[in-house]
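Novice: Quick note on numbering: the sequence shown equals residues 445 to 720 in our numbering.
Hints in this document: simulated from the structure, not taken from any laboratory.
Glycine residues also receive a C-beta, built at the ideal position from the N, C-alpha and C atoms.
Don't take each hint at face value.
[Said to hold, decoys possible] Here are the in silico distance ranges between beta carbons for each label pair: (1) Ile476 to Gly579: 35 to 43 Å; (2) Leu566 to Val469: 35 to 43 Å; (3) His458 to Arg629: 25 to 33 Å; (4) Pro609 to Ile476: 43 to 51 Å; (5) Ala524 to Pro495: 44 to 52 Å; (6) Ala576 to Asp483: 36 to 44 Å; (7) Leu573 to Gly550: 41 to 49 Å; (8) Ile476 to Ala576: 39 to 47 Å; (9) Val630 to Val704: 47 to 55 Å; (10) Gln677 to Ser607: 43 to 51 Å; (11) Ile659 to Pro609: 30 to 38 Å; (12) Val557 to Leu498: 14 to 22 Å; (13) Asp483 to Asp582: 31 to 39 Å; (14) Gln565 to Leu648: 43 to 51 Å.
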Amino acid sequence: MRSRKRILPFSGWHLLLMPLSLLFVLPLAQMILTSFMSDSEINRFPPKFIPSSLHLDGYIGLLTESHILRWLLNTILVSAIAIAAHLVLCSLAGYGFARLSFPGKGVGFFLMVATVMIPTQLLMIPTYLMFARLGFVDTLAAAFVPWLATAFGVFLMRQFFLSLPAELEEAASIDGASTRQIFFRVVLPLAKPALATLALFTLLSSWNDLVWPLIAISDDRWYTLQVGLTMFQGTRRTQWSLLMAGNVIATLPLIIAFVVAQKRFIATMTFSGLKG
């Protein structure tokens, strides 16, 4: 049976997906263009989409009127610690729930996943009291300790490990490899797509975290980017040029990270059964 010749050089779904993608691109483009506008252009009515000339007032104001570089460094540290902790702790726990046998395994996994259903607002007061007793309040530890491990990270790694053929581990066990050697030398190298996806999810969550750091940190030396940007918004006045410039700086690393990890991200969603 002869295949039909395509009328269009691309899939017909692109006719629907391309206009939808513009809905997401336009706000990002407007944010970038607005960051190069002067305050008079930003506040004029009707608003302009393209600046008449490029102004760096917002970026200069960030460097001179705020601790943007320190906030950026704090955010990088928080995200780096969170990613490293997730890769180690969630992969170990996920492999344990996927392959090892121990008493209470099913109940323990169910209770851990059930914590995802608890609203974070209910946990803020007890978490704050616990952090206050530990001396973490008003320190950078208050921002990264909650991100050392999450139930979603353990669930994601468990699902990926379950998708791997058990015969690979059985063959290594027959050759005399221990459980630790099987995990580090056989399983973990195959889990690079899942680890990259977990790192991307952790980066997005820890980088954009606002509510908890806003509660636990009041010293501007330990602000993260998201908390620091709230200083430019007030009840009566908003410094739009500084706010848009700060949002560009906060968003650019996430876009780069997603572009770099895009292929591994899609591969993990396919293998782990988390599509849709």
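Novice: With reference to the structure, classify each hint as holding or not holding.
Specialist: Against the structure, the hints:
1. At roughly 41 Å, the beta carbons of Ile476 and Gly579 sit within the given window of 35 to 43 Å.
2. The hint said 35 to 43 Å for the Cβ distance between Leu566 and Val469, and at roughly 37 Å that hint holds.
3. About 43 Å separates the C-beta atoms of His458 and Arg629, a value inconsistent with the hinted range of 25 to 33 Å.
4. Between Pro609 and Ile476, the C-beta spacing of about 46 Å keeps the proposed range 43 to 51 Å intact.
5. Roughly 35 Å separates the CB atoms of Ala524 and Pro495, a value that falls outside the hinted 44 to 52 Å.
6. The supplied range of 36 to 44 Å is met by Ala576 and Asp483, whose beta-carbon atoms lie about 40 Å from each other.
7. Taking 41 to 49 Å as the suggested C-beta distance range, the pair Leu573 and Gly550 does not conform, at roughly 32 Å.
8. Remark: the range hint 39 to 47 Å for Ile476 to Ala576 is upheld by a beta-carbon distance near 40 Å.
9. Our hint of 47 to 55 Å for Val630 and Val704 is violated, since their Cβ atoms are close to 26 Å apart.
10. A C-beta distance of roughly 44 Å is found between Gln677 and Ser607, which places it inside the suggested range of 43 to 51 Å.
11. Against the hinted window of 30 to 38 Å, the Cβ-Cβ separation of Ile659 and Pro609 comes to about 46 Å, which falls outside the hint.
12. Distance hint check: the CB atoms of Val557 and Leu498 are about 50 Å apart, inconsistent with the given range 14 to 22 Å.
13. Between Asp483 and Asp582 the C-beta distance comes to about 33 Å, which sits within the given range of 31 to 39 Å.
14. Between Gln565 and Leu648 the C-beta distance comes to about 21 Å, which lies outside the given range of 43 to 51 Å.
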